[in-house]
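As they're listed, the protein sequences go chains A and B.
Using the working numbering, you'd call the opening residue of the first sequence number 1 and step up by one each time.
Using the working numbering, you'd call the opening residue of the second sequence number 1001 and step up by one each time.
Be careful, since some hints might not be right.
To be verified - With beta-carbon atoms standing in for the labels, derived distance ranges:
1) A/440 x B/1015: 46 to 52 angstroms
2) A/336 x B/1247: 49 to 55 angstroms
3) A/857 x B/1175: 45 to 51 angstroms
4) B/1175 x A/860: 31 to 37 angstroms
5) A/154 x B/1263: 38 to 44 angstroms
6) B/1087 x A/119: 19 to 25 angstroms
7) A/657 x B/1005: 56 to 62 angstroms
8) B/1005 x A/217: 50 to 56 angstroms
9) B/1011 x A/80: 30 to 36 angstroms
10) A/939 x B/1263: 51 to 57 angstroms
Unchecked claim - Covered, in the sense of this in silico footprint (three residues per stretch, anywhere, with C-beta under 8 angstroms from a C-beta of chain A), are these stretches of chain B:
11) 1094-1107
12) 1158-1172
13) 1188-1195
14) 1200-1210
15) 1257-1263
16) 1267-1277
Stated by the list, open to error - From chain B, some residues computed to sit far from chain A (all C-beta separations above 10 angstroms):
17) 1038
18) 1039
19) 1064
20) 1065
21) 1066
22) 1078
23) 1085
24) 1133
25) 1140
26) 1237
27) 1241
28) 1247
In case anyone wonders, no lab produced these hints; they're calculated from the structure.
Just so we're clear, the structure is a prediction, and the values are computed from it rather than from any experiment.
Note that the Cβ used here is the ideal one computed from N, Cα and C, for glycine as well.
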Amino acid sequence: MTVAFTVNDRPVEVDVPPGEVLLDTLRGLGFRGVKDGCRAGDCGSCAVLLDGRPVASCSVLTGQAEGCSITTIEGIGDPAAPHPLQKEFLKRSAAQCGYCMQGMIVSAKALLDADPHPTEKAIRAGLSGNLCRCTGYVKAVEAIKAVADGKAGDAGDDGDAAPEHAGERYASVGRSVEKTEGLGLVTGRARYTDDFPVEGMLYGRIKRSPHAHARIKSIDTSRALALPGVHCVLTHEDVPRVPFSTAGQNCPEPSPFDTVMLDRKVRFVGDRVAAVAAETPVLAEKACALIDVEYEVLPPVLEPERAMDEGAPVIHDEDDSTGIEDAARNLAAKIDVEVGDVENGFTSAARVFEHEYSVQYIQATPTEAHISLSYLDEKDRLVVITSTQVPFHARRIVARVNGLPISRVRVVKPRIGGAFGAKQEVVLEDICAALTLRTRRPVKIKLDRGEELYASRTRHPQVIHLKTGVAEDGRILARQMDVLCNTGAYGAHALTVPSNTGSKTLPLYRSESLRYTCDSVYTNLPIAGAVRGYGAAQGFFAVDSQMDEIAHALGRDPVEYRLANAIREGDRDPIAEHVGEGKSGFERIIRTNGLAECWERVREATDWDAWHASLTEGTAGTPGSGPFVRRGLGMSLAMHGSGIPGDDMGAATIKANEDGSFHLLIGATDLGTGSDTILGQMAAEILGVPPKAVHVYSSDTDRTPFDVGAYASSTTYVSGGAVVKAAEQVRDRLLYHASVMMGEDQTKLVCADGRIAAPSGKSVPIEEVAHTAMYGDEKEQISYSASNMTFECPPPFAAAVADVEVDVETGRVDVRDFACAIDCGFAINPALAEGQIHGAVSMGLGYALTEEMVFDKRGRMLNANLLDYKILTAVDTPAIKAILVTTDEPTGPFGAKSVSEIPVDVVAPAIANAIFAATGVRLRELPFTPEKVLAGIETLGGE
Amino acid sequence: MLDLKNLYRPKSPEEAVRTLLETEGTGLYVAGGTIVVPTGSPSLDYLVDLTDAGLDYVRVEDTPDGGALVIGAMTRIADLATSPELASPTLRAIIEAAADMGTHTTRNRATVGGNVFAVHFPSDLPPAFLALGASIRLQGTDGPRDVSLEDFYARRSEVYRRGDLIVEIRVSVGHEGLASAFEKTGRTRVDVAIVSCAAAVAVSGGTIEMARVVLNGISPVPYVAADAGAYLAGKSPTEDVFREAGRLVSENVSPRGDHRASADYRRKVAGVMTARALSRAAGAV
């Protein structure tokens, strides 16, 4: 049908199928800032203004827009003339991955058009349909407020401040410079995998299992193949059978090789059965429905507690998997580490505390679901453009399972709409490549929102049994953590995630002896993998809930008790050398520890003191904002790591251009976190040029050096070390050329403020030196590569205060305030570091309160959409306070440690402790749904 | 994923009904599209879009019983929430239900008619309309007719015929001293209601003259708590009385549990929502 409307004030007439939605029409017209997030009207990534009002364009038929005026992000401003909102979002680094930001800016524009001076509440309400997973909405709300209040431009980097740290005066690091790709993010010009137009592209789709556990007796693809426009159907009969692990980890991989591209058996509802490539998405869906499969349905294992039972169905009964601990017992991996003698410790303890905590299935829910695009280039090499955290691991895995040499595969990560661990996996790349190799056509596969939830990767559910023996004076004599970990149908991170549950959390409080055991079992449920916090988020819920319980039981102040027992500077981490990444680890000495200051800062930032002063003896909580509301404050502490010692490696190449600008090529993978920006800042600092003079290109296996990718909080620390090394070598060559030009001693020259200067007072602009190096007598392309690996893993430290109100009649918990302080060493870019805290805290709030994958008795997920899988909106999220505490980590670049994961760790225990403070109810099972809170209140009332 | 053969845009309710009934294949009306567009089956052949049917209005009409608020079925939720015609204690439940429904993008598209028609999940407007004794005007092949909203939910197969189109919702505003309020609880502030409740209370001379309590989320269609209404008539409007009404509701409902909340939890909060809605409604008189 023909439809006419205006887009960004220009008349457009389109001929579209009657069922087409506005999202697809607009993207087809080239307005690719309009993003595909959930196709159900729940996420707002596709928001546009329809006659001035924000609407989800995925839920409007194009034909319904006849005669309307449509404004997309592209019409609000462009890179040459951005709108004030776009400028302010840019200046404040409000956009991280940027995928949801275009929709958010569109909403903000409508909001300010209707109400030029909105309250914060109105701003949040005006963003209620824009889900964001990176930012906790904090900087976006601040940016909108600043524009409304005429205070735009006040925040961010003004270019004047010269940050000082540990006696050094810096020009580039320590500054909140704008993100290097920021302008593209806020104007809708940034390119994500879905935005690459490729001629002749086919749409791939995966046919998925309706059964939790079944054997495929037969597959008939003839009806699907008979459908005109269907080019290929792949089943287990058509692809190589190469056992592998989908996890993008080190090589050799620490996880079992228990997965093949397509198998004769399916192990969870949503497992791969077949793959289709067709000319349209509708055809691909129809083709999947026309594949006839005969299953032999097997009894499933749906409870991890039953997985190791005698006679339980064996999930991995294939004979070619390797690295499984005990396949016959569904035991994917096992850990048992003891330091000191815990039995002895428990025997001599004055009191022993024993509790069980349990944590649920969640999914990271990046606003951009997994998506891959593959094609054969003009040299017949396989190119995979993909939304991944691990391009180099993906290249290795895709090559291996498809029988290609690594040199024939190129993997490129463009901009990516969030990842948070879920994309540390080969979820689509292998099968997308197989479809391309078979059809010799470009193929794109994107997961729909439901598939993203149940068929990508999730956080491991665990049952954590924690036993602690304390002496009369409160010292911890023994601590034992026993974990039952559910890895789901495959063991992608079956060993390494639960390793971190113990190794990241048990060192926080000194104990004379420690034991950590874990059974990581298979079930016929979705695959667990990496999610921000990586095992530690689970473990800290138990550890820091129990520390609160112990302190109360001993009559000690929970804060004083924690700090008295916390690990100190100079301490040796007792467990680090025993539990590494699937093998033993390395000695870890704590060289910097800002824990006490972190605590002081969150105490000051919240009502901690005043609220405690207002408590009445013998009563839980204080009155809240309504007649049936009680208020309480809780706190927690945490530590984490910076990369995987002895495993992670990042590399950087820097080359000088003749105008004094530089190219920084890095394998490191920016997930929206800002790593491109901060790595550029590090290079700029050493080269003595402004950050804008460093052009960053990253994550392309053909064009950038290797990096393990973005995981384990490693990028600033590990990849940053590589950038520093490469930059120092480039700087030394510049100094050499300058010394020849000026006739000065090279060892006395200094590179700063765009010049190279000698003690004599002589100086020469870097631009001139670079020009001379290239075109002068010696003619040198200054270019150096360096790689960095370390056996160190300095922990960042964290403290948090949660201030909650509990409706004691409905059990609903509202978070009034949340402050989180992180000792991340020296923050290379404070605004971006704060953004990491905001995002991780908001994700932690969802983990604590609302997020949960719910399954029926046959293993089907019941809430596989964003209406019912509840991630928090701007309305549900408090104005999270992020506080950076500086220490000077001697092993880190410029004194930096990590920041990205640790804030998740503190949230659930802080909320649990706050609910206890408000109501006296101790909850040990996440998430704290209204229902569980109310049940707790009723139980307490009945006692 | 929709795979339509046709999308029609009739210019009047009459044309809409005719189009729906006379087109071959499987078809539906589409209002805002927030439900039909993303969840519509690929086997749907056509949709009849009501954008141009002239049903986007809110007005007060004079009637023999003191006037009626008339809301066109294509009125967007966002517009309803800000309609000056609704600024009265009597109609407050409607405003409250509309203002907090879903997200801002949904409120900008979703319509009053769609919200009343769909029973996919516990929608927020029906309890408010029912508490105020609303009726709907249906356009059928033989012209328009009015049906009480309560009948529409309780006896849909009898009062609703294939092709009937909801054209407007009518709420009598002539009841002096009638005031209403709406309460809901969800897993978050932006959520489908686990349980919602609208209460309308008329107090006269220190006693409750009439009260209507309607809940959603505890049965497949909105639930009119007649027992609570009967209990309240003639009582003093006190907190204790409203709590007792809530207790009665909790006792008498038999909700079903689902992935959002258990039956037991719904039962408990049904009473809480009832007491709170009654209390606020009475306080606003």
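How the hints compare with the structure:
Taking the beta carbon of each, residue 440 of chain A and residue 1015 of chain B are about 51 angstroms apart, inside 46 to 52 angstroms as hinted. Distance hint check: the CB atoms of residue 336 of chain A and residue 1247 of chain B are about 54 angstroms apart, consistent with the given range 49 to 55 angstroms. The hint said 45 to 51 angstroms for the Cβ distance between residue 857 of chain A and residue 1175 of chain B, and at roughly 49 angstroms that hint holds. Range check, residue 1175 of chain B to residue 860 of chain A: about 48 angstroms between beta-carbon atoms, so the 31 to 37 angstroms window is missed.
Here the CB-CB span from residue 154 of chain A to residue 1263 of chain B is close to 53 angstroms, at odds with the stated 38 to 44 angstroms. Taking 19 to 25 angstroms as the suggested C-beta distance range, the pair residue 1087 of chain B and residue 119 of chain A conforms, at roughly 20 angstroms. Look at residue 657 of chain A against residue 1005 of chain B: about 58 angstroms separates their beta carbons, and that is inside 56 to 62 angstroms. Here the CB-CB span from residue 1005 of chain B to residue 217 of chain A is close to 37 angstroms, at odds with the stated 50 to 56 angstroms.
For the hinted restraint 30 to 36 angstroms between residue 1011 of chain B and residue 80 of chain A, the CB-CB distance of approximately 43 angstroms leaves it violated. Our hint of 51 to 57 angstroms for residue 939 of chain A and residue 1263 of chain B is violated, since their Cβ atoms are close to 19 angstroms apart. For the stretch 1094-1107 of chain B, the assignment as covered by chain A holds, since 5 residues bring a beta-carbon within under 8 angstroms of that chain's beta-carbons and 3 suffice. Against chain A, the stretch 1158-1172 of chain B contributes 0 residues with a C-beta closer than 8 angstroms to a partner C-beta. That does not satisfy the three-residue criterion, and the hint is violated.
For the stretch 1188-1195 of chain B, the stated coverage by chain A holds: 6 residues have a C-beta nearer than 8 angstroms to a C-beta of that chain, and at least 3 were required. Counting residues of the stretch 1200-1210 of chain B whose C-beta sits closer than 8 angstroms to any C-beta of chain A gives 0, which falls short of three, so the coverage hint is violated. A stretch counts as covered by a chain when three or more of its residues have a beta carbon under 8 angstroms from one of that chain; for the stretch 1257-1263 of chain B and chain A the count is 5, and the coverage holds. For the stretch 1267-1277 of chain B, the proposed coverage by chain A is satisfied: 3 residues have a C-beta within less than 8 angstroms of a C-beta in that chain, meeting the threshold of three.
The claim that residue 1038 of chain B is not at the interface with chain A is violated, since a C-beta of that chain comes within 10 angstroms of its own (minimum 4 angstroms). With a closest Cβ-Cβ approach of about 7 angstroms to chain A, residue 1039 of chain B is found to fall inside the 10 angstroms limit, against its non-interface label. Interface exclusion of residue 1064 of chain B from chain A stands, the closest Cβ pair being 38 angstroms apart, more than 10 angstroms. No beta-carbon of chain A comes within 10 angstroms of the beta-carbon of residue 1065 of chain B; the shortest separation is about 36 angstroms.
Distance to chain A confirms residue 1066 of chain B as a non-interface residue, since its nearest Cβ pair spans about 34 angstroms, more than 10 angstroms. Residue placement check: residue 1078 of chain B does not keep its beta carbon more than 10 angstroms from all beta carbons of chain A (closest about 7 angstroms). The claim that residue 1085 of chain B lies off the interface holds: its Cβ sits roughly 19 angstroms from the closest Cβ of chain A, which is beyond the 10 angstroms cut-off. At the 10 angstroms boundary, the C-beta of residue 1133 of chain B stays outside the reach of chain A, the nearest C-beta of that chain being 28 angstroms off.
Every Cβ of chain A is farther than 10 angstroms from the Cβ of residue 1140 of chain B; the closest lies at roughly 24 angstroms, confirming the non-interface assignment. Listed as a non-interface residue, residue 1237 of chain B keeps its Cβ farther than 10 angstroms from every Cβ of chain A; the least gap is roughly 16 angstroms. The non-interface label for residue 1241 of chain B is consistent with chain A: the shortest C-beta to C-beta separation is roughly 16 angstroms, beyond 10 angstroms. Consistency note on residue 1247 of chain B: stated as away from chain A, and its beta-carbon is indeed over 10 angstroms from all of that chain's, at 12 angstroms minimum.
The structure fails hints 4, 5, 8, 9, 10, 12, 14, 17, 18, 22 (numbered hints given earlier, in ascending order).
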